[in-house]
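J.: Residue numbers (the numbering used here), protein chains in the order written: chain A, 17 to 319; chain B, 17 to 319; chain C, 17 to 319; chain D, 17 to 319.
No copy labels: a pair is met if it fits in one copy or bridges any two.
As a list, the in silico DMTMM-like pairs of lysine to aspartate or glutamate whose alpha-carbon atoms are at most 25 Å apart: (1) K297 to D102; (2) K297 to E119; (3) K99 to E35; (4) K31 to D60; (5) K99 to E296; (6) K31 to D70; (7) K99 to E264; (8) K99 to E308; (9) K48 to D164.
Please keep in mind that the hints were generated in silico from the structure rather than gathered at the bench.
Predicted, not measured: the structure shown is a model, and the values here were computed from it.
Number of protein chains: 4
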Amino acid sequence: MDFQKILNDIYAATKDSSEKGTVATYIPELAKVSGDKLGMFLLDAEQNVYSVGDTSERFSIQSISKVIALAQAFDLVGNTLWKRVDVEPSGNPFNFLSLLEQENGIPRNPLINAGALVISDILISNLKDPKADFLSYVRGLADDPSIDYDEAVARSESETGFRNRATANLLKSFGNIENDVEEVLDFYFHQCSVAMSCEQLAKTFYVFCNRGKCTKQSEYLTLSQVKRINAIMLTCGFYDEAGEFAFEVGLPGKSGVGGGIIAVLPDHFSVAVWAPGLNEKGNSLLGMQMLEQFTTQTNLSIF
Amino acid sequence: MDFQKILNDIYAATKDSSEKGTVATYIPELAKVSGDKLGMFLLDAEQNVYSVGDTSERFSIQSISKVIALAQAFDLVGNTLWKRVDVEPSGNPFNFLSLLEQENGIPRNPLINAGALVISDILISNLKDPKADFLSYVRGLADDPSIDYDEAVARSESETGFRNRATANLLKSFGNIENDVEEVLDFYFHQCSVAMSCEQLAKTFYVFCNRGKCTKQSEYLTLSQVKRINAIMLTCGFYDEAGEFAFEVGLPGKSGVGGGIIAVLPDHFSVAVWAPGLNEKGNSLLGMQMLEQFTTQTNLSIF
Amino acid sequence: MDFQKILNDIYAATKDSSEKGTVATYIPELAKVSGDKLGMFLLDAEQNVYSVGDTSERFSIQSISKVIALAQAFDLVGNTLWKRVDVEPSGNPFNFLSLLEQENGIPRNPLINAGALVISDILISNLKDPKADFLSYVRGLADDPSIDYDEAVARSESETGFRNRATANLLKSFGNIENDVEEVLDFYFHQCSVAMSCEQLAKTFYVFCNRGKCTKQSEYLTLSQVKRINAIMLTCGFYDEAGEFAFEVGLPGKSGVGGGIIAVLPDHFSVAVWAPGLNEKGNSLLGMQMLEQFTTQTNLSIF
Amino acid sequence: MDFQKILNDIYAATKDSSEKGTVATYIPELAKVSGDKLGMFLLDAEQNVYSVGDTSERFSIQSISKVIALAQAFDLVGNTLWKRVDVEPSGNPFNFLSLLEQENGIPRNPLINAGALVISDILISNLKDPKADFLSYVRGLADDPSIDYDEAVARSESETGFRNRATANLLKSFGNIENDVEEVLDFYFHQCSVAMSCEQLAKTFYVFCNRGKCTKQSEYLTLSQVKRINAIMLTCGFYDEAGEFAFEVGLPGKSGVGGGIIAVLPDHFSVAVWAPGLNEKGNSLLGMQMLEQFTTQTNLSIF
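The following block holds chain A by itself, in its conformation from the complex (with noise of 0.2 Å):
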């Protein structure tokens, strides 16, 4: 299949979109961005790359850390990880907070906020210096010792992050959260910061299509936990339009409000978008129509 070529097809097709979505305000730093930015990245299961548009322009990943925050938790602690936080989607939006006053504190996956709040709060207690060592793990993911966290924005986030502390709060009266609440968010929100390009981003989760080994072919996770890792991504992966992708791309995958969103096919390729205007639903609007027409102009789906 002649990747490159579709690649181009679907690039051409989506440049002079009329529609482009909305550029996140709520973190002021991510508001400086253009929106006209466009890239695709694929990387194939023999590291083959294809690439159009502005693949190597570095953006804040936000909600795709989430993944990366998990992966390291789970290689760290193993399965007790499911005793405080669920695998289940979310459903609502509206009512996430009241959700988790129904369930005792618990979130109902890592990848929601509230449950990558605890994902830190997990970090924390099993690292040695949690930001250093989790920026280790990822330029170890990555085979890249350029990534780096964006201050402006995580200070940005944390100045007007007023919802993420409630959420902390919130976890912490229910017990669920044992370190400092400050520094959890503080965790959280660098993490969220760390800046890559659609480059960096296929060629981190790389992993999660090759069963859980680098682009070196370094171990990182089993087989096993790579599998959980997916299903997780494809059920919750988009809040409240995981079951839309799971419908209209059929991929695993994590988006993220800084307008990227990466998507593996296991034993295929991983594959990142940028495009910084989202949708109603926070996720990348010409993103996700670029990898609906890569899906469906391929036939390569998990189903």
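With chain A's structure known, arrange chains B, C and D on it following the hints.
T.: Structure of chains B, C and D alone, referenced to chain A:
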């Protein structure tokens, strides 16, 4: 009507009750109070006093302070208050954060925690020295300069108040807190920590029985304001048990987790009870019973 | 106090209001009523009458009937009633079925539809000929044998009452309906269809102002029962606007989507208003305003 | 891979399990089934069969029928279907009616009861003789004319189906049911009552493993439609345990309260299990375990 005899009878019938409820433990400092305390103090419209039991020992008034803060804020900003907080009963305690989300950060009423936090924010924006000025207001109402904050209780609540911290941050995320979240919480915890005896409480709330004038006959509120606060106490003063209290007792009132309850019959009396053991809804178990017996025996209620 | 002059003034000030609300259309039969109707009728404790506007034309009392059914059921089964329905305000109208689910099929109070369906079920289980016996009860209270069901309204509501049918079946699934669901619904729709004028309404509700005795001084309810029903009207009588009505008007009362409102001040008066246009909460827009003006001008309220 | 040996091993390891879950009793007719039944039947892509235990005895497929009805409706009306039902996981089982209210009568997905009732309504509007035509569709898929409704089960469910009746009426109140509510319910209860053996189930669902073609290679669905239904099964097929099933098993599937579970691996196999005892989420306890062991031992899953 021989109020003193009625109080004596009620006290005798209640004193040796085997079911006394459970003293609140979630604020460690409150857990130190003996569950055997029991007092009832009535101040009639002519300022005759009737008293039985532990009516001069001070306890933490906790949520009862919400009514006093509401009165001060109502006096300061008038009906503009109601743009930031509603006057409806809150219904279900298990989804209060969800309600706040659905209703865009406008608390259901000023006597639930979320509403009281907004009131605290309004007071901070309108008082020169919030903590000192609120204390002066309370002392003026009670005509008693000895009333004070209990710093140990305020600190104890601040250290464990993760749920209030969650609520305040959620309000801030909706733009319904103007000031710094921690400053609002500190002021709120101080209000709750005010220590009063049944006697002081009954005197403080005389203003709501006496058409807006305190025991010294200074006017604190207009008649219309008093009626409105009395209406809010009746419909919202007892958490998820407001209907039950209206049904069984039939007086505007307010309870606190310190075990105090204040109630008033406009133009007739204000009455304070104290019994630290709480029922499962968080209201003083024996306090509720004493007030129920009082209105049953005297047939004095607003209905 | 010159009640007649006050009524005349209020009527004059309201009659030409440009904002009249919206006549209910979800029951097709009700949509036929003119939005220009306006009436107010007051019956004082001594049975003096004061009247202005359309006070002898009959309209569908709709939910006002819930109070009468509650009174009859309370008289028949006493306090065992409260095992099957609670007395708390319902809070949020948008999750009422959810609340019913969470609270295991126990309606929050007898004045919301779910509660009234349970009351209807109780009446069916305790009356020989429910429809005839309920009508006799109403006629007795009003001392008026001409009061009757409006079969066209009852049929109209039955044909479109899918939400009430949903509620009744949900109650049945929890075991809180003993009789056949369709029989309960048919009885309930008939109660709602009862047609009365403001004059008849004020006379019917005189029992709640007169300590349980009707205009002919026959005893229908004990004083304790009257006080409790008045408490429920105050806290639960206006859907999601109960707090607002207590706050603005300060009287126990009940509204119906036919545009009627009844309110009482114990030992002083019962007062009925009618204006078919509803506000967004489903209560008579001008009716609310007239009652608010009445208690403001007279300073007569329970607070 | 020796599927027969794997099935034998799983059967041996499961047969004498002391924890078998609880046979559903809410439909009286289902309560008659023995909790000791246990069967597993696998049909691979080449139509080789592997079988162990009670695989030819028929049981009530219950909610598994929802997938077949969805397939028939999807074939009949295409993507217009998604105007009336969404494709998102439902999240919380305890507020499903609330969700339906908040989301204006659009069920979250076609595999929850509310969604299946809408699908039934669509089939009634588009089939000449709904009950006969649905049965023909099932028989065609399974290549087995002996498959039939179980009238006793359908009647039993109709007599006790108050919650489904509540749901259907709520949908009707939102205008999302076109036909008569009782006709929709009767059709829905009949679909649920279809009796099949594990062997018949596996053959019926072969269409979802074989790109839309049944065992006789007739085309029932397009590849795109099959992929979409598989995606819905994965994200929504197991009530509140969909994430758990994706996490532990990793296959698109559907369970029924009769104790059956069907799952497919596209291009590889369809597999049916039957064990009547349910876990607390309403899915077959031993059935879940057998499928989990199967994908663990074979490493065959979509992830």
